[in-house]
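J.: Starting from the structure of chain Z, add chains C, W and L where the hints point.
Keeping their order, the protein sequence lines are chains Z, C, W and L.
With our numbering, the residue at position 48 of the first sequence is 48, and numbering never jumps.
With our numbering, the residue at position 77 of the second sequence is 77, and numbering never jumps.
With our numbering, the residue at position 37 of the third sequence is 37, and numbering never jumps.
With our numbering, the residue at position 57 of the fourth sequence is 57, and numbering never jumps.
It should be emphasised that the hints constitute simulated quantities derived from the structure, not laboratory data.
Computed from a prediction, not measured in an experiment: that's the story for all the values here.
By construction, the Cβ of each residue, glycine as well, lies at the ideal position given by its N, Cα and C atoms.
Hints may contain errors.
One-sided excerpt, in silico: chain L residues whose CB lies under 8 Å from chain C [to be verified]:
(1) M1
(2) E48
(3) F53
(4) H78
(5) G86
(6) I89
(7) V90
(8) M110
(9) S115
(10) R116
(11) A117
(12) L119
(13) W120
(14) E133
Here chain W is said to cover these stretches of chain Z; the calculated rule only asks that three of the stretch's residues, wherever they fall, bring their Cβ under 8 Å from a Cβ of chain W [what the hints assert, rightly or not]:
(15) 3-14
(16) 49-60
(17) 66-77
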Amino acid sequence: MARVLLFGRLADVAGWREREIDPLPDSLCSLRDLLGREDPALAEALAGRGVRAALDQAVARGEASLAGVREVAFMPPMSGG
Amino acid sequence: MARVLLFGRLADVAGWREREIDPLPDSLCSLRDLLGREDPALAEALAGRGVRAALDQAVARGEASLAGVREVAFMPPMSGG
Amino acid sequence: MIRLTREAFDPGEALNAFCRRRAATGAVASFVGLARGTGAVGPALELEAYPGFTEREIEGFVARAVEQFALQDAAVVHRIGPIDAGEAIVLVMTAAPHRRAAFEACDYLMDYLKSRAPLWKREFGPDGGRWVEPTEADLADIARWA
Amino acid sequence: MIRLTREAFDPGEALNAFCRRRAATGAVASFVGLARGTGAVGPALELEAYPGFTEREIEGFVARAVEQFALQDAAVVHRIGPIDAGEAIVLVMTAAPHRRAAFEACDYLMDYLKSRAPLWKREFGPDGGRWVEPTEADLADIARWA
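Bound-form chain Z, shown alone:
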């Protein structure tokens, strides 16, 4: 079981910011597919340019394994300042 977090525009598109997913799929891209199957708008947003992911607060890429991961974050393009 893990928490999935969405930030910025992604949370607005999905209508949620945080969800428990149990069981977690094996890999980051499988999780992305799972979330996208339920919500085509979110699928499109997650596939957008510059969307990044973090596993337990460490930046990760699509093939990364989710074994033992407690928190997955999807982050749209960043802009502070």
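T.: Coordinates of chains C, W and L only, in the frame set by chain Z:
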């Protein structure tokens, strides 16, 4: 009659910062010569790179006339900040 | 020093604290980003962070910039949550023996915050909220340092 | 706004005053030059101005920079007379809609003050006073803008 002002290093070299000169010579370069004749160290300093002059607080060049001028300033290279 | 704060902060006080007791520092460059007026009621914008991750990412980036520009110190204060027009959103300060390094590092850190730091900014206007993404100018700015 | 002062000034307070009531300003860049410690007793340095002339020259230069960089505002506070280690010598602040103009103008104004403004700086060290002239680096800095 006019006031002559020296700034920064020039005042240190000459040992004065302000003097009345009466009568004033015709031109800025004549005044420079006059001051330099009395004090070779000042002559050398006035001839140094980057020394500028102002007549009544307006920047001027060597041939400038001193007719009617009340204040002449000699300024070595500038450095603030 | 990195500080994310939900409360309005005082840039001048932070600048004075940063400048104090710096016997070897000649140059402190700083930048304040202010929330522009929108004409609408309510906050001008809102910033979202990923608590823990955001601080650590910015902290790491600032530490690398300190090395890269041979700074004596650098600090970032960044608002999160809703921000009213006229309030400071961000303050970046850099200290160095000479001004060139201080200016460049401050500029660099702002470019980073605008396009790479894990923060998400929503601007409110007469037509509601709009998530801001780095502009072409922001991407060109950060590309200068590559 | 140009201010020459014989008294120590508070950079943070000046920055806050500069930032206040700027509905259209997004970016304020600033620079503080601090007097470095010398290890010797007494003031770290001394600055001489040509009263009247110095203010007007700086004022004119700043006004041209405001035009050139399309700034909303710019201000310079400069100490004159003896200055102790750790005190602020100079504060330059620039306000613009976007950060690039604010940074560049602030940088430009500092390059000007270092090598072109009618101010004369004497640094005190263990061996007494030494008049400072623009360094090669200062001359290269100002030449960037030609």
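J.: Which of the numbered hints are not met once you compare them with the structure shown?
T.: Result: hints 1, 5 break, sorted rising.
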